[in-house]
Amino acid sequence: MASTSLLLEIVRNMSKNIIENKELLTELDRAIGDSDHGINMAKGFSAVHEKLGEMEGKDWGYILKTIAMTLISTVGGASGPLYGTAFLRAAKVVEGKGKIDRKDVINMFHEAIEGIKMRGKSDQGDKTMLDALIPAFETLKSAYEEGEDSKIAFKRAEESALKGVEYTKTIIARKGRASYLGERSIGHQDPGATSSYILIKSINQVLEKN
Amino acid sequence: MASTSLLLEIVRNMSKNIIENKELLTELDRAIGDSDHGINMAKGFSAVHEKLGEMEGKDWGYILKTIAMTLISTVGGASGPLYGTAFLRAAKVVEGKGKIDRKDVINMFHEAIEGIKMRGKSDQGDKTMLDALIPAFETLKSAYEEGEDSKIAFKRAEESALKGVEYTKTIIARKGRASYLGERSIGHQDPGATSSYILIKSINQVLEKN
Amino acid sequence: MKKIINDRDRVVEEMLQGMVKAHPEFIKRLEGSNVVVRKDAPVKGKVALISGGGSGHEPSHGGFVGLGMLDGAVAGEVFTSPTPEEVYKGIKAVDGGKGVLLIIKNYTGDVMNFEMAAEMAELEGIKVEKVIVNDDVAVEDSTYTVGRRGIAGTILVHKIAGAAAERGLDLLEVKRVAEKAIENVRSMGMSLTPCIVPAAGKPSFEIGEDEMEIGLGIHGEPGTHKEKIKTAREITTILLDRIIRDKRFVNEEVAVLVNGLGGTPLMELYIVNREAHKILEDNGIKVYKTLVGNYMTSLEMAGVSISLLKLDEELKGLLDDRANTPAFKQI
Amino acid sequence: MKKIINDRDRVVEEMLQGMVKAHPEFIKRLEGSNVVVRKDAPVKGKVALISGGGSGHEPSHGGFVGLGMLDGAVAGEVFTSPTPEEVYKGIKAVDGGKGVLLIIKNYTGDVMNFEMAAEMAELEGIKVEKVIVNDDVAVEDSTYTVGRRGIAGTILVHKIAGAAAERGLDLLEVKRVAEKAIENVRSMGMSLTPCIVPAAGKPSFEIGEDEMEIGLGIHGEPGTHKEKIKTAREITTILLDRIIRDKRFVNEEVAVLVNGLGGTPLMELYIVNREAHKILEDNGIKVYKTLVGNYMTSLEMAGVSISLLKLDEELKGLLDDRANTPAFKQI
Ligand SMILES: Nc1ncnc2c1ncn2[C@@H]1O[C@H](COP(=O)(O)OP(=O)(O)O)[C@@H](O)[C@H]1O
Ligand SMILES: Nc1ncnc2c1ncn2[C@@H]1O[C@H](COP(=O)(O)OP(=O)(O)O)[C@@H](O)[C@H]1O
Ligand SMILES: [Mg+2]
Ligand SMILES: [Mg+2]
Ligand SMILES: [Mg+2]
Ligand SMILES: [Mg+2]
Chain A
1 MASTSLLLEI VRNMSKNIIE NKELLTELDR AIGDSDHGIN MAKGFSAVHE KLGEMEGKDW
61 GYILKTIAMT LISTVGGASG PLYGTAFLRA AKVVEGKGKI DRKDVINMFH EAIEGIKMRG
121 KSDQGDKTML DALIPAFETL KSAYEEGEDS KIAFKRAEES ALKGVEYTKT IIARKGRASY
181 LGERSIGHQD PGATSSYILI KSINQVLEKN
Chain B
1 MASTSLLLEI VRNMSKNIIE NKELLTELDR AIGDSDHGIN MAKGFSAVHE KLGEMEGKDW
61 GYILKTIAMT LISTVGGASG PLYGTAFLRA AKVVEGKGKI DRKDVINMFH EAIEGIKMRG
121 KSDQGDKTML DALIPAFETL KSAYEEGEDS KIAFKRAEES ALKGVEYTKT IIARKGRASY
181 LGERSIGHQD PGATSSYILI KSINQVLEKN
Chain C
1 MKKIINDRDR VVEEMLQGMV KAHPEFIKRL EGSNVVVRKD APVKGKVALI SGGGSGHEPS
61 HGGFVGLGML DGAVAGEVFT SPTPEEVYKG IKAVDGGKGV LLIIKNYTGD VMNFEMAAEM
121 AELEGIKVEK VIVNDDVAVE DSTYTVGRRG IAGTILVHKI AGAAAERGLD LLEVKRVAEK
181 AIENVRSMGM SLTPCIVPAA GKPSFEIGED EMEIGLGIHG EPGTHKEKIK TAREITTILL
241 DRIIRDKRFV NEEVAVLVNG LGGTPLMELY IVNREAHKIL EDNGIKVYKT LVGNYMTSLE
301 MAGVSISLLK LDEELKGLLD DRANTPAFKQ I
Chain D
1 MKKIINDRDR VVEEMLQGMV KAHPEFIKRL EGSNVVVRKD APVKGKVALI SGGGSGHEPS
61 HGGFVGLGML DGAVAGEVFT SPTPEEVYKG IKAVDGGKGV LLIIKNYTGD VMNFEMAAEM
121 AELEGIKVEK VIVNDDVAVE DSTYTVGRRG IAGTILVHKI AGAAAERGLD LLEVKRVAEK
181 AIENVRSMGM SLTPCIVPAA GKPSFEIGED EMEIGLGIHG EPGTHKEKIK TAREITTILL
241 DRIIRDKRFV NEEVAVLVNG LGGTPLMELY IVNREAHKIL EDNGIKVYKT LVGNYMTSLE
301 MAGVSISLLK LDEELKGLLD DRANTPAFKQ I
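Residue numbers (this note's numbering), protein chains in the order written: chain A, 1 to 210; chain B, 1 to 210; chain C, 1 to 331; chain D, 1 to 331.
No lab work stands behind these hints: they were computed from the structure.
A couple of the hints might just be wrong.
[As the list claims (entries may be wrong)] Beta-carbon label-pair distances, calculated as ranges: (1) D320(D) <-> K163(B): 56 to 62 Å; (2) E23(A) <-> R322(C): 45 to 51 Å; (3) G208(D) <-> E50(A): 38 to 44 Å.
[To be verified] Stretch by stretch, here's where chain C covers chain D in the computed footprint (C-beta under 8 Å, at least three residues): (4) 46 to 60; (5) 214 to 223; (6) 227 to 241; (7) 264 to 270; (8) 292 to 299; (9) 310 to 317.
A quick note: this is a predicted structure, and the numbers were derived from the prediction, not measured.
Glycine included, C-beta positions come from ideal geometry on N, C-alpha and C.
So here's chain A without its partners, still in its complex pose:
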């Protein structure tokens, strides 16, 4: 059972890692997008970071909804509504909950992905954040099914996310700005997949410490 203080630690770590990787994400977006993914994400997660105090002591649903609304109302671009929708859909699953279990984790993750698919009219293989998130989710799910604990499950999920990021280098973008490049998008890793990987890694880092 995971508490909201764990969640807040994760959110703090997500903010830290996103802000630290601002340059990297922007640089990746420079190659196949419009040089702003790191700027967008750092802006959003700085705003999230500022709300950490206000989230203290609130339930899982409230915290995730606050993150969602903060991202939606500060980021803009494509990643703002996409990540915002993901967190919003995850929030619905755990409304009012003080602690959550593995089933909640699976449901949240599932809903988040469905939210992105819906909002982005996109799916795995389009060279987007989904190419990190979907494999990570599937790995997580089977690890849980195999009875692994969250530490191991998220460790494996992180590895799959990273593989997903690597995979984005090999495919043509079909969604987002990178899709305008056609063949030229091959060879470059997707910035959004990379930020998704960073978010999952952020979860993992906190779990490992606890």
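Please build the complex by placing chains B, C and D with the ligands on the supplied structure of chain A, with the hints as guidance.
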């Protein structure tokens, strides 16, 4: 006594030399002006070159006036009206003449310089074409006064013109675009003085061959 | 990065302040937002038009706010779609009771954020319709792609829809003519240099001294491919060929927009216009109206796009209507 | 040299063709010349205004030909004054019987060529007057110098004199208000990059990645000195300080022109405008009107100039008059 066929040979040589030095003159103007002196002069003297046929068999005044009008109506910029006025004033001295003598040469040269001074409201030491022309003229005059022939007189005039060009490197421009640079114009040779030197050298080259 | 700015993270805020100071007779800033609206907004009894998107495309879109064009423009960060909240504020501020039309350029971010804003406004009982401009033929439009981008042709859609709204047409009618304009407009661009997003501080792509980028958009993104630099004639031919291949303009009357990307001097745009007129004439396409200038830019990028809008009598009339905005005036 | 051109020796000819194709409702080309005149030239019974100079300053000057501004614009080669013959053709074509005013920017070449043209026209019985614009405070004005240059402030002189002519004032009256405008206008510019004269093919000066050139003109000539790049605020302060030191603007009402040199995006011009308004306010100078945009450019040079025009009631009225030209419209 100089014939008009000599004059036409000189004009042909002037055109050739100016066109050959287009890049050099433009490059000099790039440093302290607006990168067009070579372009302007080459345009003017190409037009003059095209009129050589039409000038054949005409008198000194007609030929010089044709050059003047051609320069005025094709060059533009500062050098167009200045060189145009110079040739126009020289033309007046030798109107209707088939052959000219040394006195005519002195008068023409004098009038040309006066024309430039009047049109340009400028004088020696302003870092302009006058800094090549005036010393050249003075040397020519004293050489004639010393009884030297035209070959020697123009040889010396060319040397003085070159010294004048060198001198322009040491002074601040007070006329033309270079004057806007103030102190920064020091160290650069004046493009117009350089084109004047080329014109005098063109006369000299022809005299030496004849 | 050579830019005349103060703080690379505050360029949009400071630009908007400077824009409003420059054009107080046309526009005002909506307090606490990056939205500029007509000085007389909301105009009662008139359908209102909102456009916007990332900044860096000036004079788009704030420069087209005024009589006969937009009622409001929502500015995001440089090349980043504004948030739903910002767009929502714009919608609320301009609604004069006859509803609001959103003119959206076809980018994932813009579409998502504007649509979320529309949902928010509709919850408050404001009638909102949207059209999505997708004029850029450099991008393939198929079921496997996100479709063509919206680029400079958007200006012509603003003009047409703005005139219709000013004439007093109702929301669905304004939407209809906007969609007709979108259906009839195609664009294609190229560039000689990248641009630098201030907050990123680096050129948006690398390009050789003798190369040009063909088929790029307006966000500093690379184009579909690089080529050796060609003459204005060849470049214009490349752009128009693609446009004419995409849609039938032959024997039609058109409006031509030769749009500078920000760093290209007007001299070169006029030279491209000369070539464009020649090529159109050779193809039996009659030019009814020409616009040449920086309408939809990409910061300091050097480059040009050409747009063609096929005209019928209705569109001609709307195009000829009066307009009075900072960057588009027609008497 | 990255330019969208065909032939570096034919840019002016091709640009003029493209310009006339773009604006047939405003201007026409005088056959066999590089002169564009109002479509309805000569306007009978109106004093006519001619301006011009080297090309490369677009939209200057052809873009300001039309109602309420110029009657004709004479284009020389890039940065090279047109010949007397060309100017003379322009004068003849626009004279509507009430005489012609030449608006000359203070450069040796322009002054000499325009004066020679005036002499030619006077021989034919045309009344010609001239005014010489010298707004650039970067250049010292003393008996030992050729005096200040004419730069972007010229646009304001066109507007004022053009309005006076359109009102039907006679030649000497139009000249008087033009001279009043000249007396009251001051400008100062800076740049971040050089430009490339097409026929020369090389940058007009060398400059470091972290340097800017202060006090330069509009012909790609270097300025008075180089400095490290500063913020928009500091740059605007440098420019306005020089202007305000040169002439007393304190407690006066002014028109401000924030002019882009061609390669600087509107975003940056608006940021400069923001700073300018702040500084003027701090100095007790009241802004009556603001213009921001590319009015007097220097090919693709990145940079900006600021002009201030001190206004009295007469100048305000003339500034507010209607104008309808390709690049300056006021309804
Ligand atoms: N339709 C979509 N579905 C899922 N993810 C998307 C979609 N469009 C874009 N993305 C993701 O968003 C990332 C770009 O985000 P960002 O640069 O912040 O926004 P923008 O593209 O508007 O500049 C891409 O790398 C991609 O992973
Ligand atoms: N007032 C003047 N008197 C004499 N010569 C001048 C004057 N102004 C400029 N010049 C000469 O003209 C030259 C520049 O000519 P050019 O570059 O063709 O014209 P512009 O200065 O109009 O671009 C200068 O180098 C100088 O020698
Ligand atoms: Mg991006
Ligand atoms: Mg020159
Ligand atoms: Mg973006
Ligand atoms: Mg010149």
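Here is how each hint holds up against the structure:
Checked against the hint of 56 to 62 Å, the C-beta distance between D320(D) and K163(B) comes to roughly 59 Å, which is consistent with it. At roughly 49 Å, the beta carbons of E23(A) and R322(C) sit within the given window of 45 to 51 Å. For the pair G208(D) and E50(A), the beta carbons lie near 40 Å from each other, so the given range of 38 to 44 Å is met. Chain C is given as covering the stretch 46 to 60 of chain D, and this holds because 4 residues of the stretch bring a CB closer than 8 Å to a CB of that chain, at least three being needed.
Counting residues of the stretch 214 to 223 of chain D whose C-beta lies closer than 8 Å to any C-beta of chain C gives 0; at least three are required, and the coverage claim is violated. A count of 5 residues in the stretch 227 to 241 of chain D with a Cβ less than 8 Å from any Cβ of chain C is obtained; the coverage claim is therefore met, three being the minimum. Counting residues of the stretch 264 to 270 of chain D whose CB lies closer than 8 Å to any CB of chain C gives 7, so the stated coverage by that chain holds, three being the minimum. Chain C is given as covering the stretch 292 to 299 of chain D, and this holds because 4 residues of the stretch bring a CB closer than 8 Å to a CB of that chain, at least three being needed.
Residues of the stretch 310 to 317 of chain D with a Cβ under 8 Å from some Cβ of chain C number 0, which does not satisfy the need for three, so the listed coverage is violated.
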